[in-house]
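Trainee: What follows is each chain in one-letter form.
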Amino acid sequence: MSQLASLQGSREAAVARHSQGAPESRREANKYTSYRALEGLSRASASLICEGAELLDLEAAMTRDPERVKACLGSLATGPWADTALASKPNLAVLWLSPGDETLRVSLRGQGAGQSHQHLLLLSDPDCQRSVHLELLDDASGSHHLNLVIEADLAESSRLDLSVSQAMSSESYVTATWAFRLAKKANLHAVWMDFGAALARHDLQVDLAEPQARAELAGLMLPKLGQHHDQHLTLHHGASDTHSQQLFKGLVGARGRSVFSGRVEIKEGAAGCSSHQLCRGILLGDGAEFDARPQLLICIDAVEASHGASCGAMDEKSMFFLRSRGLDELAAKQLLAEAFAGEVIELLGDPSRSESTLQRVRSMIQEIH
Amino acid sequence: MSGNQLVKAIAAQDYKYGFVTDIESDTLPPGLDEGVIRFISAKKNEPQWLLDSRLKAFARWKTMKEPDWAYLNIAPIDYQSISYYSAPKSIKKLGSLDEVDPKLLETYDKLGIPLLEQKRLANVAVDAVFDSVSVGTTFKDTLAEAGVIFCPISEAVQSHPELVKKYLGSVVPAQDNFFSALNAAVFTDGSFVYIPEGVTSPMELSTYFRINERNTGQFERTLIIAEAGSYVSYLEGCTAPERDENQLHAAVVELVVFDDAEIKYSTVQNWYPGDEEGIGGIYNFVTKRGACRGARSKISWTQVETGSAITWKYPSCVLIGDDSVGEFYSVALTNRRQQADTGTKMIHIGKNTRSTIISKGISAGRGVQCYRGLVDIKKSAVGARNFSQCDSLLIGDECGAHTFPYLEIKNPRAQVEHEATTSRISEDQLFFCQQRGIGVEEAVGIIVSGFWKDVFKELPMEFAAEATQLMAVSLEGTVG
Amino acid sequence: MLSINNLHVAVDDKAILKGVDLTVKAGEVHAIMGPNGSGKSTLCHVLAGRPGYQVTQGGVDYQGADLLALEPEIRAREGLFLAFQYPVEIPGISNLYFLKAAINARRKHEGKGPMPAVAFLRMVREKAACVELDEGLLNRSLNVGFSGGEKKRNEIFQMLVLEPTLALLDETDSGLDIDALRVVAEGVNKLRSEGRAILLVTHYQRLLDYIVPDYVHVLAGGRIVRSGDKDLAHKLEAEGYGWIENEAST
Numbered sequence: 003m004s005q006l007a008s009l010q011g012s013r014e015a016a017v018a019r020h021s022q023g024a025p026e027s028r029r030e031a032n033k034y035t036s037y038r039a040l041e042g043l044s045r046a047s048a049s050l051i052c053e054g055a056e057l058l059d060l061e062a063a064m065t066r067d068p069e070r071v072k073a074c075l076g077s078l079a080t081g082p083w084a085d086t087a088l089a090s091k092p093n094l095a096v097l098w099l100s101p102g103d104e105t106l107r108v109s110l111r112g113q114g115a116g117q118s119h120q121h122l123l124l125l126s127d128p129d130c131q132r133s134v135h136l137e138l139l140d141d142a143s144g145s146h147h148l149n150l151v152i153e154a155d156l157a158e159s160s161r162l163d164l165s166v167s168q169a170m171s172s173e174s175y176v177t178a179t180w181a182f183r184l185a186k187k188a189n190l191h192a193v194w195m196d197f198g199a200a201l202a203r204h205d206l207q208v209d210l211a212e213p214q215a216r217a218e219l220a221g222l223m224l225p226k227l228g229q230h231h232d233q234h235l236t237l238h239h240g241a242s243d244t245h246s247q248q249l250f251k252g253l254v255g256a257r258g259r260s261v262f263s264g265r266v267e268i269k270e271g272a273a274g275c276s277s278h279q280l281c282r283g284i285l286l287g288d289g290a291e292f293d294a295r296p297q298l299l300i301c302i303d304a305v306e307a308s309h310g311a312s313c314g315a316m317d318e319k320s321m322f323f324l325r326s327r328g329l330d331e332l333a334a335k336q337l338l339a340e341a342f343a344g345e346v347i348e349l350l351g352d353p354s355r356s357e358s359t360l361q362r363v364r365s366m367i368q369e370i371h
Numbered sequence: 002m003s004g005n006q007l008v009k010a011i012a013a014q015d016y017k018y019g020f021v022t023d024i025e026s027d028t029l030p031p032g033l034d035e036g037v038i039r040f041i042s043a044k045k046n047e048p049q050w051l052l053d054s055r056l057k058a059f060a061r062w063k064t065m066k067e068p069d070w071a072y073l074n075i076a077p078i079d080y081q082s083i084s085y086y087s088a089p090k091s092i093k094k095l096g097s098l099d100e101v102d103p104k105l106l107e108t109y110d111k112l113g114i115p116l117l118e119q120k121r122l123a124n125v126a127v128d129a130v131f132d133s134v135s136v137g138t139t140f141k142d143t144l145a146e147a148g149v150i151f152c153p154i155s156e157a158v159q160s161h162p163e164l165v166k167k168y169l170g171s172v173v174p175a176q177d178n179f180f181s182a183l184n185a186a187v188f189t190d191g192s193f194v195y196i197p198e199g200v201t202s203p204m205e206l207s208t209y210f211r212i213n214e215r216n217t218g219q220f221e222r223t224l225i226i227a228e229a230g231s232y233v234s235y236l237e238g239c240t241a242p243e244r245d246e247n248q249l250h251a252a253v254v255e256l257v258v259f260d261d262a263e264i265k266y267s268t269v270q271n272w273y274p275g276d277e278e279g280i281g282g283i284y285n286f287v288t289k290r291g292a293c294r295g296a297r298s299k300i301s302w303t304q305v306e307t308g309s310a311i312t313w314k315y316p317s318c319v320l321i322g323d324d325s326v327g328e329f330y331s332v333a334l335t336n337r338r339q340q341a342d343t344g345t346k347m348i349h350i351g352k353n354t355r356s357t358i359i360s361k362g363i364s365a366g367r368g369v370q371c372y373r374g375l376v377d378i379k380k381s382a383v384g385a386r387n388f389s390q391c392d393s394l395l396i397g398d399e400c401g402a403h404t405f406p407y408l409e410i411k412n413p414r415a416q417v418e419h420e421a422t423t424s425r426i427s428e429d430q431l432f433f434c435q436q437r438g439i440g441v442e443e444a445v446g447i448i449v450s451g452f453w454k455d456v457f458k459e460l461p462m463e464f465a466a467e468a469t470q471l472m473a474v475s476l477e478g479t480v481g
Numbered sequence: 073m074l075s076i077n078n079l080h081v082a083v084d085d086k087a088i089l090k091g092v093d094l095t096v097k098a099g100e101v102h103a104i105m106g107p108n109g110s111g112k113s114t115l116c117h118v119l120a121g122r123p124g125y126q127v128t129q130g131g132v133d134y135q136g137a138d139l140l141a142l143e144p145e146i147r148a149r150e151g152l153f154l155a156f157q158y159p160v161e162i163p164g165i166s167n168l169y170f171l172k173a174a175i176n177a178r179r180k181h182e183g184k185g186p187m188p189a190v191a192f193l194r195m196v197r198e199k200a201a202c203v204e205l206d207e208g209l210l211n212r213s214l215n216v217g218f219s220g221g222e223k224k225r226n227e228i229f230q231m232l233v234l235e236p237t238l239a240l241l242d243e244t245d246s247g248l249d250i251d252a253l254r255v256v257a258e259g260v261n262k263l264r265s266e267g268r269a270i271l272l273v274t275h276y277q278r279l280l281d282y283i284v285p286d287y288v289h290v291l292a293g294g295r296i297v298r299s300g301d302k303d304l305a306h307k308l309e310a311e312g313y314g315w316i317e318n319e320a321s322t
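Chains as they are written, first to last, in this note's numbering: chain A, 3 to 371; chain B, 2 to 481; chain C, 73 to 322.
Think of the hints as simulated: they come from the structure by calculation, not from any bench.
Keep in mind that a hint or two might mislead.
[Claimed, not checked] Below, a list of computed lysine-lysine pairs in the BS3-like style, where the Cα atoms sit at most 27 Å apart:
#	chain 1	residue 1	chain 2	residue 2
1	C	172	C	262
2	C	90	C	307
3	B	379	A	33
4	B	346	B	454
5	B	57	B	44
6	C	97	C	262
7	C	262	C	223
8	C	307	B	454
9	B	63	B	167
10	B	166	B	17
11	A	186	A	319
12	B	141	B	57
13	A	319	B	167
14	A	319	B	380
15	B	454	A	33
16	B	166	B	265
17	B	458	C	307
18	B	90	B	66
19	C	262	C	302
20	B	44	B	166
21	A	319	B	44
22	B	63	B	90
23	B	17	B	458
24	B	346	B	380
25	A	33	B	66
26	C	302	B	454
27	A	187	A	269
Using the sequences plus the hints, can you model the full thing?
Mentor: The structure is reproduced here in structure tokens:
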């Protein structure tokens with residue numbers, strides 16, 4: 003209980019924020035997202051399994067490095083869903099990343115109808131390089147709302163390769179807050195992929211807190227038929243010579259909705275930073291919607307920053323070209339969809355998962371067709 | 002290398018238009034209540050419906066809050082400390098140039114807008130608005146021959162009440178926002194333009210706004226109607242004296258365009274920006290919106306924003322008619338401690354509607370600038386297209402440039418593209434220019450003019466040169 | 073014309089030039105060779121007045137004036153031209169517009185009015201032809217989207233237009249194919265005259281096959297360690313820089 007006492011402060015603060023309801027700034031962050039469906043769910047549980055490493059409980063983690071755990075736990079992630087989770091006594095697990103070639107496979111599965119809260123702390127040792135694959139699932143036995151907070155502290159010169167695939171059933175919901183703090187020369191390479199769920203909302207909070215930290219971030223959303231996929235990024239360049247690249251895409255079927263918000267902030271004094279962002283949507287049918295909010299806040303001239311956003315139907319010229327070479331309409335569409343999604347998928351760096359993801363894209367096109 | 006080596010603190014720059022005209026005015030004491038609104042309405046001899054609509058807007062305004070979502074740092078405004086009406090005593094008959102006080106003529110001469118016939122700008126008709134009233138309008142007769150109505154809006158209320166009643170508030174309703182409600186309650190003057198069907202205005206139309214009196218606000222209202230197949234190019238210019246207190250300018254501009262008609266609306270905004278420490282300067286809170294109601298109608302906004310302590314404006318287009326076109330070209334420069342939150346909204350409703358947004362922001366000194374834009378493609382806008390380009394140029398390490406676009410696409414057969422970049426004047430570029438014999442100030446001017454030229458080519462010929470000069474003056478002192 | 077005396081230069085407190093002495097007279101062509109990192113580019117930059125270099129000792133006399141006391145643009149207007157190793161890009165400003173600004177700045181300095189447009193265009197076309205510069209490039213933004221060779225050619229073209237008294241060429245030959253090298257060399261040779269001096273900075277000898285220098289100097293470790301005529305360049309080509317560095321250190 004003594005360890006828990008040290009967390010009391012951050013939890014109380016979260017409870018206080020949680021009880022305040024939705025302040026003005028939250029309205030802007032949720033301009034395109036409605037959480038009405040999530041109201042009134044009872045508490046349920048979720049199972050968390052990790053292959054390749056042992057998940058520590060708080061006590062074990064505190065034994066290892068109490069100061070670091072205290073500094074990170076509950077203090078990296080912000081926002082209403084993180085507050086809700088922290089205030090709801092979530093399941094807590096710590097994944098201590100040590101060097102290794104094997105990809106760690108973490109799976110979080112919601113059980114039954116209701117709402118579950120999970121809090122996962124990722125800590126890497128200096129110079130450690132590790133890949134983590136995280137799956138978000140449910141057991142398809144009713145509407146499950148998975149509310150997840152991940153706080154990751156990447157130590158100096160460490161590297162985390164993270165891939166996330168969300169494949170929940172179409173009655174379920176996920177709200178996930180991902181907060182990363184990168185120390186000097188730390189490297190984050192992360193890809194989020196949303197395939198399922200009625201509502202999937204990711205709040206990605208990346209803090210390039212020390213010089214020469216780097217982040218390469220990507221996302222792919224495949225919503226259709228009333229699904230809402232929402233990837234919401236806040237990226238701080240808080241130190242000089244930090245660099246980031248972001249690529250987010252939505253392939254939106256009829257009556258699907260994809261939202262991307264990407265806010266990049268380059269602070270005063272953070273000279274020599276670069277940030278490049280690209281976000282693209284393809285709308286595949288009636289009622290499909292794509293909302294993009296690329297944002298740049300630049301407070302110093304010695305930086306390089308850009309963003310681009312585009313949205314439209316499948317390119318007609320390319321369609322015509324492919325069909326003139328003998329492909330039927332479905333095959334041409336599938337090929338173009340693969341090419342579109344492929345830019346994100348290839349960042350996974352894992353051939354078997356790339357192929358299965360491409361298969362999802364192909365079958366989505368087939369269903370729509 | 003730090004930006005400080007390149008850019009020194011902002012040196013005093015000349016604001017050429019900072020003089021005060023010493024003229025006796027009828028000025029209402031500061032304060033705002035129904036009595037003030039009744040006074041303004043009576044002064045302008047307005048019909049009952051207009052007074053009623055003012056009072057309704059005022060009631061609404063009292064329930065509203067100032068918008069706080071913009072990226073601006075605004076000192077609290079005491080709306081009771083502002084005078085809502087001020088007019089030179091010598092103006093007897095509104096809108097007539099025959100008996101204008103020589104002091105006023107001299108003022109406009111100094112501003113480069115001569116009003117008397119022999120000195121007038123050829124081919125540009127000017128409506129000169131001084132504080133709360135129009136001093137007069139040039140070339141009225143020539144325009145009348147073509148059927149074009151160009152007069153102060155207070156005069157249009159008398160001479161063409163049916164047109165004013167039909168269109169006023171039809172694009173920007175009073176309740177649209179805090180400042181449009183305030184304007185609807187207390188607007189004093191501004192220009193009214195009506196271009197009949199099939200008519201191309203024989204000359205450029207221009208309104209020149211001048212704030213002179215201390216502690217007054219300027220609340221002008223502009224309404225332009227372009228009937229089917231007509232065309233007009235309209236330009237507004239604005240200046241104010243240097244004063245230590247902030248002055249409020251809350252204007253509303255409404256454009257209505259019918260089938261195949263086009264309005265080209267250009268602004269050269271050079272209100273007093275305040276001094277190096279941010280003392281004084283105009284608060285420029287403006288609502289500008291045009292409705293492309295007809296098929297193939299077109300609205301093109303071009304703005305050059307160099308003045309004002311704070312600018313808050315988003316000239317917008319509601320593209321209702323099929324194949325209608327909206328354009329927004331903007332160059333904004335913030336220097337000293339100026340702040341600007343500006344951009345546009347393109348609302349695509351009709352089929353095959355098209356819009357283009359080109360925004361170039363230059364931040365220097367401790368200036369902060371924000372582009373905020375909405376591209377809203379409604380379900381009905383089949384085949385709609387938008388292209389946006391927002392570029393920022395930063396000069397120094399104390400300024401800021403922010404970009405907040407909103408893209409909302411609800412039609413699968415629309416095509417939207419948005420790009421934004423930031424760049425700076427690098428020391429390499431400066432040294433290269435110097436090495437070829439070009440001094441630092443001139444080099445900055447050359448690099449900046451390369452940056453904004455896509456927008457300048459959209460300005461009417463008569464004003465492009467003036468605007469170029471204006472930018473050069475505003476940039477003075479950005480480098481040491 | 074140019075007299076460099078015991079010049080010491082540091083960047084961020086790190087000494088780069090450690091006592092350079094060099095005298096260049098009107099009509100002469102000097103080549104400065106040396107291994108990478110020997111301070112060749114630093115010498116060019118200091119002479120042209122690029123910020124960021126600290127002169128810790130010594131000085132430079134240019135036509136009787138204290139060169140280092142002048143602003144970079146004044147040096148340029150007084151006839152000093154630096155052909156950049158990496159010419160910069162300025163989007164939105166055409167080559168022609170830029171050159172006009174440069175020429176008129178210099179003419180103003182000389183008490184003359186702006187050059188008449190017709191004369192300017194005629195002169196520019198003529199000089200562009202000299203370096204086989206595609207006229208289409210004249211109306212394009214300065215160096216934006218130019219290939220490496222086009223940028224270098226554009227530098228030589230600007231040099232011909234500005235007719236400098238003292239031209240410094242900083243590794244103008246690097247990255248050029250043989251045709252471009254020939255064109256660049258012809259441009260430089262056209263500039264050779266009684267009243268002008270040229271300082272070529274290069275790593276390789278091959279440029280000197282086309283532009284035959286009167287003197288060759290070897291810069292190593294921040295000093296001129298050896299001077300001679302064109303044969304020295306051939307010896308360097310054949311034997312590399314190692315022997316000089318060895319000699320210098322003993």
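Trainee: Going through the numbered hints above, which ones does this structure break? Give me the numbers in ascending order.
Mentor: 8, 10, 11, 12, 13, 15, 17, 18, 21, 22 and 26
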